[in-house]
Every structure is written in structure tokens, then in C-alpha cells.
Amino acid sequence: DGGITQSPKYLFRKEGQNVTLSCEQNLNHDAMYWYRQDPGQGLRLIYYSQIVNDFQKGDIAEGYSVSREKKESFPLTVTSAQKNPTAFYLCATWGQGALASYEQYFGPGTRLTVT
Amino acid sequence: KQEVTQIPAALSVPEGENLVLNCSFTDSAIYNLQWFRQDPGKGLTSLLLIQSSQREQTSGRLNASLDKSSGRSTLYIAASQPGDSATYLCAVRSNDYKLSFGAGTTVTVRA
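Those sequence lines, one after another, are chains A and B.
Each residue of the first sequence is one higher than the one before, starting from 1 at the first, in the working numbering.
Each residue of the second sequence is one higher than the one before, starting from 1 at the first, in the working numbering.
It should be emphasised that the hints constitute simulated quantities derived from the structure, not laboratory data.
Keep in mind it's a predicted model, so treat the numbers as computed, not measured.
For every residue, glycine included, the Cβ atom is placed at its ideal position computed from N, Cα and C.
Each hint should be verified, as a subset may be incorrect.
Under 8 Å between C-beta atoms, here's a sample of chain B residues computed to sit facing chain A [stated by the list, open to error]:
hint, residue
1, Gly43
2, Leu47
3, Ser52
4, Lys98
5, Leu99
6, Phe101
Work the whole structure out from these sequences, hints included.
Pasting the structure below:
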């Protein structure tokens, strides 16, 4: 999990409630990402941020919001507008690793269940 | 838009057999390609990274090849063990720095 923490591991919410997923990194990477994973599908990009105070929509941004006030933190809010929020959410960074190559690193994920 | 496909979706082999996992992509203008392992309910762990200028990378029992012109990468796992049971995902980073994922191949190694 290499320096990326996501909390909580499991999250349960009632339909109609907003919920915020935490992502913190100590890798000193500029770029951070949020992905959603559903059974039988590849990861889909929700939002990404290349630098503090800037972020871009990914392929499935509707019903989600983010902020990037600090380099270390990139929280994701799942709003009541997201029609199918139950999924596994993965936070990631992009940066230079031990072998000097640039690659993506992932956190352990948060499983969100909305009933 | 980059499309990444992994076939088969699932694979079951007896212990000791070599594993061959396939990944294909539609746009050959890539920055690099990464293979990840995912255990149930966990995040992704990077296994191998191949830069666009490279043909293959090796780490222990793992070897990954890249053929950009045909849009293919193959992950070979030698002498499989039950601990290799997991889902393996291929991810392609395009030159716009977006990462596109395949749906993964779920591997079961039978003892």
C-alpha cells in the first residue's frame, strides 16, 4: 500500500446521504487519482489532480466531488446525485518510485455500501 | 479512446504449471504499461512496469513482454504456486498520462 492510506476500509450509508472518503499520501507525489471498481469491470477514473488546488474530471465524474487543498490529501465526496454509489473506491498517486521510473501507486481501497 | 482487453477473464491451473496472461490495447501510442496484482478486497500491487521503449521486464518468476505495434502485452508466471492466486490487471498509460485498465484475469492455482 506504500504510503497511501484510505479510511475507512468499509463504509455504510443510507441512500440520499453524502459521504466523504479519505485519501492521504506521504510519497510526495504531485498527482493523485480516484478510481471506482465494479465486479467484472476495469477501474474507471472519477477525478484526478496534477497539482494542489487543481483537479480534472475523469470518465465518470457525475455525482462526485473532490478537493485538493494539500499535496498530501485528496478527499472524494460521493453525493446523493450518484445513482449507483455502491462500489470499491481506490485512491492512487503517480510519481517516481525507487527505481526512478514513474508509475502508479494504489491505496488499500474503501468499500462503500449504500442501502 | 484507449481500450484495454484481458483474455481470459478467469484461469484455473494446477500448481507448477506456467501461467500466460494476455493484454491487448487499441492505441499503440503509449507511455508505459503496468501489470498489477489484486487480492480480494485489497488495493492493487504493482508487479512490473514496461516503458514504451522496452520489449520486456523480468522480476523473479515474472516476465512481461510488450509489442506496441500489435498492441499486446503478455505476463508469464513460471512454476505457479497457490499463493499466485489473485486477479491480475493490465494498465496502459497513454501519452496524455491517463491510465486505462483491463477488467483483469482471475487466476486460481490448485494445490
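Structure-based check of each hint:
For Gly43 (chain B), the shortest C-beta to C-beta distance to chain A is roughly 4 Å, which falls under 8 Å, so the interface hint holds. The restraint placing Leu47 (chain B) at the interface with chain A is violated, with a minimum CB-CB distance near 11 Å, outside the 8 Å limit. Of the supplied interface hints, the one on Ser52 (chain B) is violated, with its beta-carbon coming no nearer than about 12 Å to a beta-carbon of chain A, more than 8 Å. With its C-beta approaching chain A no nearer than about 7 Å, Lys98 (chain B) sits inside the 8 Å limit, and its interface hint holds.
For Leu99 (chain B), the interface hint holds, since its Cβ comes within 8 Å of a Cβ in chain A; the closest pair sits about 6 Å apart. At a threshold of 8 Å, the smallest CB-CB gap from Phe101 (chain B) to chain A is about 4 Å, leaving the interface hint in force.
Hint violations for this structure: numbers 2 and 3, all remaining hints satisfied.
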